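Using the hints, build the complex out of the two chains.
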Amino acid sequence: MSNQFKTTSERVTKIAALLSLLLAGLIVLSACMGYVKIGFVDIVRIIAAEITGNHNLTAHINDKFPAIQETWTAIVMEVRLPRILTCAIVGAALALSGVIFQGILLNPLADPYTLGVSAGAAFGASIAILLNLSASFVSIPLFAFIGAAFTLFFVIFLSYSGRSPSPALSSNNLILSGIIVAAILSAGISFLKYVADEQVAVIIFWLMGSFASKTWTDVLVTITFLIIGGAITFIFARDLNLISLGERSASTLGVDTKRVTLILLITGSMLAAVSVSVSGIIGFVGLLVPHIVRFITGPDNRLLIPISTLAGSILLLMADTVTRSILPHEIPIGILTALIGGPVFCWIFKRGTIR
Amino acid sequence: MIETKKISFGYAEKPVIKDISLTFEAGKFYSILGPNGCGKTTLLDLMIGHLKPISGKVVLKIAGSHFITNSNRQSIFIKNINKKDKSVKDTNKNQIKCSDVSREKDILSMSKREVAKHIALVAQNYNINFPFTVKEIVMMGRHPYISRFANPSKEDFDIVSSVMERTGTDTFAHRKITDLSGGERQRCVFARALSQDTPLLFLDEAFSNMDISHTITLLNLVKKEVKSQNRTVVSVFHDINLAAIWSDELIFMKDGQVAACGKTDDVISEEIIKEVFHVKSKVEHNRYSGVKQAYFQGYK
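Protein chains in written order, with the numbering used here: chain F, 1 to 355; chain C, 1 to 300.
Chain C extracted, bound-state conformation (with noise of 0.2 Å):
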């Protein structure tokens, strides 16, 4: 779980965040939309320690011993992937156990080691100059648990292997990074990210180059484990829809700020799109998708 408590950051004369106050909690899902320029990816840069707010601070509570015995974690991952679904249940009861030992840490205090084991980021920026090969990108993921004169463990390998399968690296796993397309790019760095395997995830818009199809495989990919290992993905979104589809709490940006915040179908609202957006939408429940989706008028 994460929070911002009162984070601001900017020039005096020009505000890039003012003031936000947010929960994370463990085991949701969170969209963040807001217009272009209106501070999301500086939020993310906020929350993940990379730029330093002016004021207020980013806390970090770290559930008791889940987090902290990465071993541990590790072989639930492990016996996640082995047994599929079955120990779903297992793992939720070892969590709810471990929960009530939490320790709160300021996001600052922390070494940037120690914050890489807890937060993954797929950036925007996928640019990679150096020809590595999509294995030796996703291999990187590890590096936060790789003592600087070792190899990677078996583990290491075990989880890389399990992650480029679920994300559909494999079949390029030998290919070299600057090769591909963008958004085959993307997809390695956002295995990279799952290899962090990290309680928290954060998706700075992740899915802007990528097919539908692959969306949708990540998209999933990452919801069933925010429920089975009660992780937090915070992703920000252009696409209201596919947002409204897999998140369960959004939140609308507006100028630096939080102009609306909640349950999913609670918040979004055609008010709210034209505040936010300035355009007129018509939101209705949609029974394929299962929630709320918004609709646009083209030019007649």
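One chain only, chain F, in its complex shape (with noise of 0.2 Å):
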């Protein structure tokens, strides 16, 4: 088996490494495409000035390469490129959190959204966009970020409920307590839009999910969660492994999965939490990568956790590529994802390959 490991890590080690160089080549091709085409070479060259400060980069260098408009420069760095990083950082993030909600719930389908987190977040909104708390622009993000929050708390104050036969936090309890209070949210979301007259327009297209107008900001907020909870998830990834066998079976293992599942369990609801305030409810991501990464690296969370991560944010920034400068009109993200991923799952479903 050491040897059998030792492949597998390499070619993980390998996988990951081409994904990347993917990533990479998508970031720099994305930025390129959209209403005013930017040569590949120029993408390069105006990125690597910004990065390296050296603005002789994008001036003159002779007749092949001439100076790039400083227009260009505005539109690849203040427009193009914080969309691009936010979509491919919550990409990550989503596919993060749907491998660490799937081993919690020891469940190949769970989801981020599993725990009614996108319920608490969507609710958040809609209560800011009523206020018209929307003229300062932080408050969305942060309403719903707190509604995730709230959300989450709830959950799990509800599924240490006293007398159910199944112990606190137990896969039942979690996902029990997840559909109660993601029905109530609902509830509170439709009377919300109900009353909202005019603004409810404003909150459907928030809940459909857009990467449209992200600036720098939400590039910082999201790229510091995804690397807080990708190190913790990667600190656990072994007790995860042995949480998805069951609680039982993982604590005479000598697991805490109490507080191995509680700090897990934070870790990607706030992983989801952020991603839905930056980006509204894009659904699929968390639910399909996981599943055909699993077909690559198996079940090991050591291997998932990397692999998931990266095809997660390439699969989302092709979504949004293709949304934002393919299609003739932009179409909600969220609705792409699920009109897409949709069918794939079906597909994977009748295959009878889950995972």
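Just so you know, the hints here were simulated from the structure itself, not pulled from any lab data. Given the structure is predicted, the values throughout are model-derived calculations rather than measurements. Positions of the beta carbon are idealized from the N, C-alpha and C atoms, including for glycine. It cannot be assumed that every hint is accurate.
To be verified - Simulated pairs of lysine-lysine, BS3-like, Cα-Cα distance not exceeding 25 Å:
1. C:K292 to C:K28
2. C:K223 to C:K61
3. C:K105 to F:K258
4. C:K6 to C:K28
5. C:K176 to C:K154
6. C:K52 to C:K254
7. C:K263 to C:K6
8. C:K280 to C:K254
9. C:K57 to C:K105
10. C:K176 to F:K350
11. C:K57 to F:K258
12. C:K18 to C:K6
13. C:K176 to F:K14
14. C:K52 to F:K258
15. C:K274 to C:K18
To be verified - Each pair of labels, with its calculated beta carbon distance range:
16. C:Y11 to F:L18: 55 to 61 Å
17. C:N125 to F:F349: 23 to 29 Å
18. F:L109 to C:K263: 48 to 54 Å
Structure, rendered in structure tokens:
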């Protein structure tokens, strides 16, 4: 097995390197595309100039590489890159969150929204929109995040219910609590939509998810959460393997299941919450990516975590690029992922290879 | 050695375990028998620290350096594998010398990892949703010994392959656990518990889905370790006759209490089976098994 394990981890390193390259290429390619077409080389020059601070790179080099217009630099640096990077980071965060939830809930069908985090975020955002707080630009994401966090803690509180036959924080309790809370919140959202009057369109559009007009602040916030979340998840990766076999087994094999479950639950939910708050509700990434990746890496979370994170970011960025610059009209990314992800999931399900 | 001191569990109106005090000594195979819902599994859960008793406590007696220095244990273990029975006497001597120094510990005061180095459990529920390979599953038994960022050592691999060979799980080592039959899965989970290499082994209906040949193989395997390495096995059984053949002592449970316990041949009787299970039987010494067996009457 020593050898077998080694080759698996070598293979995964290779896949990870390949996916990183693919992601980097996709980021540049995606920055080329849009209303103004900018060449691949020019994008590389603009990015290199910004990173190194050497603005000669964007100046006239020779006839083959003429000077790059100021507006192009502005488009790439202020409009496209923040959006592209936010999208890639959110994709990674959703996939990572999916891996965590599938492990904790012992259920390959769980996703970041199983515990009602998305409903909580949507409720928070709807309140912010209804109260017309959107004038100050942070308030909607902030309210969404607060809504998600409150939901999470309420779900955890519920799943500690005293007389339930299954122990606190068991997957059954969590899933049930999540469904109950999400049902209440969706009713709440419907009510808010009903009273929202003219604002109803804003709420509906927000719920569909979009990466339009993201800023460097969004990039910074999401990447901070992703790095912290990724580190915590990786630390507990082996414990998560055991937890995915069931609480009692994990506990007898020396995992402090309550503590680890709680830590991972909060980590996964925070990743989902921050994703929802910057970009609205984007389904299927967190459900589908870990599934597809498990075909390649197997169920071992030490391999599944890094590869899923990369794959999630690539897939969501591809979807966003399609909706932003290939389709004649931009459609909300949440709709696109559901329209593509749904049928793919049906196909996997029918093949009987749900893992 | 593990001891329950007047433990109770459940709610006031519905007690599950009532005031049970039992001592499980090293070098003995115990079986717990009783009807469905009499609290057998709960008792095991309390003893492993998975549930917290509402009164009383569970005490683990850690016998000297034998159990503390794990590398020492492993080397004894591996020596036994290599030399088979030759080193058994040495090991026993070693244990007697060490057992003078013993410490008592409340199971709830120990970390999960520490408990996992002392008690392994083969649980009733062995449903696994994720397609780990059999070898990966068995390697998980080494979890308490591997530090967070380390990879399994050569010793871990040696123990795993030796356990897999002895449990016959090596024949499907690279298959996915989700593709196996119930009995095969149960053998994997059994192998995982053995690879934990603990002085105490709890079996919760561990043979319920296994064919008779594997049941006998595994029972002989653990019985041998009980005798040669002074381990303790506590097994929940439904089959009274299998329990009688392999157990040194039997514990009959009824309604969360101990109905009878003691040496197998002393305890097993027509009266106790009638009292606990409400069935008529005939208990006789069987020359082939070498122990008393219970016989039942069918429909006529």
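Verification of the supplied hints:
Restraint check for K292 (chain C) and K28 (chain C): the C-alpha separation of about 18 Å stays at or below 25 Å, so the hint holds. Between K223 (chain C) and K61 (chain C), the direct Cα distance comes to roughly 21 Å. Compliance with the 25 Å bound is thereby established for this hinted pair. For the suggested pair K105 (chain C) and K258 (chain F), the alpha carbons sit about 22 Å apart, so the restraint of at most 25 Å is met. Under the criterion of a C-alpha separation no larger than 25 Å, the hint pairing K6 (chain C) with K28 (chain C) is consistent with the structure, at around 22 Å.
For the given pair, K176 (chain C) sits about 23 Å from K154 (chain C) by alpha-carbon distance, which is consistent with the 25 Å threshold. Between K52 (chain C) and K254 (chain C), the direct Cα distance comes to roughly 21 Å. Compliance with the 25 Å bound is thereby established for this hinted pair. At most 25 Å may separate the alpha-carbon atoms for a hinted pair to count; K263 (chain C) and K6 (chain C) meet this at roughly 21 Å. Between K280 (chain C) and K254 (chain C) the CA atoms are separated by roughly 17 Å; this keeps the pair inside 25 Å, and the hint holds.
Of the supplied pair hints, the one linking K57 (chain C) and K105 (chain C) holds, its CA atoms being roughly 10 Å apart against a limit of 25 Å. A distance of roughly 20 Å separates the Cα atoms of K176 (chain C) and K350 (chain F); the hinted pair therefore holds under the 25 Å criterion. As the CA atoms of K57 (chain C) and K258 (chain F) are separated by approximately 21 Å, the hinted pair is consistent with the 25 Å bound. Proposed proximity of K18 (chain C) and K6 (chain C) is supported: the alpha carbons are some 8 Å apart, at most 25 Å.
The straight-line distance between the Cα atoms of K176 (chain C) and K14 (chain F) is roughly 24 Å, inside the 25 Å bound, and the hint therefore holds. The suggested pairing of K52 (chain C) with K258 (chain F) holds, with an alpha-carbon distance near 14 Å, which does not exceed 25 Å. At roughly 21 Å between alpha-carbon atoms, K274 (chain C) and K18 (chain C) fall within 25 Å of each other, so this suggested pair holds. Between Y11 (chain C) and L18 (chain F) the beta carbons are some 57 Å apart, a value that agrees with the proposed interval 55 to 61 Å.
For the pair N125 (chain C) and F349 (chain F), the supplied restraint of 23 to 29 Å holds, since their beta-carbon distance comes to about 25 Å. At about 51 Å, the beta-carbon gap between L109 (chain F) and K263 (chain C) stays in the expected band of 48 to 54 Å.
Violated hints for the displayed structure: none, as all numbered hints are satisfied.
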